[in-house]
Structures are given as structure tokens and as C-alpha cells.
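Student: Those protein sequence lines, which keep their order, are chains P and S. Under our numbering, the first residue of the first sequence is numbered 1, with each subsequent residue one higher. Under our numbering, the first residue of the second sequence is numbered 1, with each subsequent residue one higher.
Wrong hints could be hidden among the right ones.
As the list claims (entries may be wrong) - A short, non-exhaustive set of chain S residues, derived as facing chain P with CB atoms under 10 Å:
| # | residue |
| --- | --- |
| 1 | D55 |
| 2 | D144 |
| 3 | M229 |
To be verified - Calculated lysine-lysine pairs in the DSS-like style (CA-CA distance at most 25 Å, straight line):
| # | chain 1 | residue 1 | chain 2 | residue 2 |
| --- | --- | --- | --- | --- |
| 4 | S | K110 | P | K61 |
| 5 | S | K26 | S | K43 |
| 6 | S | K26 | P | K203 |
| 7 | S | K43 | S | K97 |
| 8 | P | K161 | S | K234 |
| 9 | P | K6 | S | K110 |
| 10 | S | K26 | P | K69 |
| 11 | P | K203 | S | K84 |
| 12 | S | K191 | S | K218 |
| 13 | P | K6 | S | K231 |
| 14 | S | K234 | S | K191 |
| 15 | S | K59 | S | K43 |
| 16 | P | K8 | S | K207 |
By construction, these hints were calculated from the structure, which means they are not laboratory data. Computed from a predicted model, the values in this text were never measured in an experiment. Even for Gly, the Cβ is constructed at its ideal location relative to N, Cα and C.
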Amino acid sequence: MMETVKRKYVIPGDVIITGPYRLEQNVYQDGERIISTSIGISEIYENAVRVIPLSGIYIPKTNDLIIGKVIGHSSLSWEFDINSCFIGFLPAQDVFGRDYSPTKDELKARLDKGDLVAARVANFDRSRDPLLTIQDRDLGKIESGELIEIAPSKIPRLIGKRGSMIQTIEMATKAIVTIGQNGLIVVSCEDPVGLLKAIEAVKMVDAQAHTPNLTERVKSMLGVELGENNDTINE
Amino acid sequence: MTQLMNENGIRCDGRRIDQIRNVSIKVGVLKNADGSAYIEFGKNKILAGVFGPRDVHPKHMADQDSGILRCRYHMSPFSVTERKNPAPSRREIEISKVIKEALQPAVILKDFPRTVVDVFIEILQADGGSRCAALDAASVALVDAGIPMRDMVSACAAGKVADKIVLDVNDEEDKEGQADMPVAYMPNLGKVTLMQLDGILTPDEYKKCLETAIGGCKQVYEIQKKALMEKYFKNGEA
């Protein structure tokens, strides 16, 4: 399938292609022309056109796994800084269960200001702020680890194709890396050397996200044997 | 009055009539801003910083259906020969408004309801045509911030000096010349987003002046493009 993907560097206003194609993210149509709206890498595959952006803030999407920081609470919900232009809401029922009562339960006892939480976006549309949930495996308060902030637009690169990049980092350092789609990442590792290596690798991806053969270079930095090249922006 | 053009058609700063000043743009110069750019347009030195999309304050300005764009054009007290009072003057308020309206058709803020994109432009040194240079920097800074845009906005002025239509008037020509026409243009869509005219032109001169200015915008566009490529794609090949 790789041969059918065409890549190009584009800036806003660049005409990617003309003709009948399906529009995906960061493109729009002007007559016959399909034009990029962001700086990034354009991809044409199976009649669809999209641009992978290289800058920009995080826009919540339903089902995204994100990492948020508690910035406060009312009697019914917590508010989260989710590294976006919107504030995330976590209703108290989600944590205490259906029989939550504002008079009986104390929200502060579970999550306090400054706590980091891995959550999933349960619902988001343009009319209201994103609703979060922690009702799933591996979600909830993060007790330990090192927090790293990278550009949200570079998260897909950190994960890699079918998770290749993140698997490489996790296997080489024995670290557990929790990636929030909003650009916040928590790395935890029992071995301090592995922890530092993993952090370095994540930062390296952030700095060099748009360059070719990145997996190869991350591998050599981590001291892993070079395998097949499953990382391609060669064109 | 100084002589603005000699008999060979060379202007007071040594340029030909169809030549723009030297332009250089740097992208991402401010760490704390979401996007930024620094432009040197001849002797103009201008910084532009973009923040957002972010929460709107005051809240009543927010639009439930779309994001809003705000713009501030400000001249530093040391940007001109005589100290300029740092309080926003009538002229700065007007230029802020026209720059905002020149950028508005380019940005797509539909996906960011209840938010604002703030554009701050600081003139460090002024030398005529600063609104055009400011627009060029602001447009690059918006791209750097990752704000979705229909097209880049490139701006350049043209004017009438010593009875000739010239490209990119400088401070001296602006003050002594017969007309000054700043134009902002979306080069891929072929649309004009700003056109002002100070002075008197005949219909034929007007047409020529607009064409000259658009030609200048296209030259500036190439420089903007190069500056962005430099920052984002330096290590790789397309």
C-alpha cells in the first residue's frame, strides 16, 4: 500500500491536487482545487486527501485518550486543563457512581487541584466543552511518573505506524509511556537510566518529528539493533 | 524638497521603480507565543506574536458559533525619530482594524467556537509601509501558530512618485510622493483583502498601481514561503 501514498510539504494556500477527491483533515475545496489550510505534510491515498499538521493546538475528539490536570471543581464536576482552548469537565457521578450526592461526598478527597488524570473524551461538540470519563481500563489518577509536554501535532509521530515508534522506545528502556493525544505524556520506569533514555527519546521525536528515517535514529540513540525500515517519508 | 528620482529612473534609496526593498523573515522567534515572526522590510523592523485559540476575555465578546480574531498594531516609543507616545493613537487603532480585516478572510475559525485568536504586532523601527510589513509578519505568525487558513496573506504597497508608478514606497517617498496604495493579497486565491489609497491617481494609473502592488505581494509571498520552509522542513526534502 505504501506506493499509493503521495506526500508533499505544504503551507496554507498550497494547491495539493485538482480533481474529485475525498476531503479529510486540514484541507478545503475551491472549485476543482484542493487546498491545504495548515503547514504540514499532505497525503493522497485511496482518493482521499489530508494534511498532517506540524503546528497547532489540541482539538478534542470523542474517544481520545488525554492527560489532564485538575484546575478546580464545583459541587458536581471537576474542571481540567487539557492543553487545549477548551476546559475538560469530569462529572462527579463518573467517579462516585450513580448515587453521588453533593452533600455527602467530598470531591477533594478523590481528586485535588494539580492532580494528573488519564481520561477519555466521552463527548465533545462545538456547542459545549468536552466531557471526560475515567470509566475504563488504565484510566484514572496518575500516581507517579515524569510529565513531558510536546506539540500535540507530533503525537502521531511518537506513536508511529501501528505503534512502531512507541513500542521501540518502551522495549528498549523498559519504561511505560502513557501518551495523551493532547500532547501530555507520562513516562514511568523503575530504572532511572531507562527513564532518562525514554524522556530523551520522546523529546527527540518532538524536535525531529518531520524528518525522514526517524525510527532508525531513535533506535540508534537507544542502542537498539537496526531492523527493517518501517518508517517512510522518503519522497 | 529632496529629489525622489534621478533622470535614469533610480529612486532616492537606489532602487529601480519596480524593485522592492530587501525583505527577510524569521519564524518562531518568541518562545512564549503560540506562533511568531520577525520581519525586516527595508528599514522596518517588526515583531508579530500570535496567541490562541484561547478563552475570550472579556467574555461578552465571545461568539458561540465561531472563533474571533483580535489584532493590535503598536509602535514602540523608539520606533521613530521623535519619541512616540506609547498610548494607542488614532492611527494605530485604525491600522489595527484594517489589519484585522485583512486577515479575517484568510483565517478559518469555525472550528474554535467561544475562543479568540490574538495577533500582536510591535513596530520596533518604522520606515514607511509598516502596515504591509506588519501584515506579512502576522500572516506568517498565524501559520506558525497552526491556525487554519484559506491562504497566506501577502502585502506590499505601490505608489506614485515623481509622476511614475513605483513599487514599495519608502518613508521619504510616502511623505513627499503623490500617492501611496497598500495592498494585501491572497496569492493562491487571487483575492485582494486590503486596498487603501492615499493621493490622487487617474483611472489608468490606478489600474497600473494595483497591478504593480499585486506583483510586489507575489514577490513577498515567495519570501514568506521560504521562511516557513526554512523553519519546518529544514532537515528534510519534499
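Student: For every hint, state whether the structure bears it out.
Tutor: Evaluated hints:
1. D55: 7 Å, holds
2. D144: 6 Å, holds
3. M229: Cβ of S/M229 sits 7 Å from chain P, so the hint holds.
4. S/K110 x P/K61: The given pair, whose Cα atoms are some 16 Å apart, holds under the 25 Å limit.
5. S/K26 x S/K43: OK: S/K26 and S/K43 at ~15 Å, within 25 Å.
6. S/K26 x P/K203: 23 Å, holds
7. S/K43 x S/K97: 24 Å, holds
8. P/K161 x S/K234: 23 Å, holds
9. P/K6 x S/K110: Roughly 29 Å separates the two Cα atoms, so the pair is violated.
10. S/K26 x P/K69: Violated. S/K26 to P/K69 sits at ~34 Å, over the 25 Å cutoff.
11. P/K203 x S/K84: 44 Å, violated
12. S/K191 x S/K218: Holds, at roughly 12 Å.
13. P/K6 x S/K231: Given that 25 Å is the threshold and the Cα spacing comes to 22 Å, the pair holds.
14. S/K234 x S/K191: It is violated: about 30 Å lies between the C-alpha atoms, which goes past 25 Å.
15. S/K59 x S/K43: 39 Å, violated
16. P/K8 x S/K207: Since the Cα atoms of P/K8 and S/K207 sit roughly 37 Å apart, the hinted pair is violated (cutoff 25 Å).
The structure shown violates the earlier hints numbered 9, 10, 11, 14, 15 and 16.
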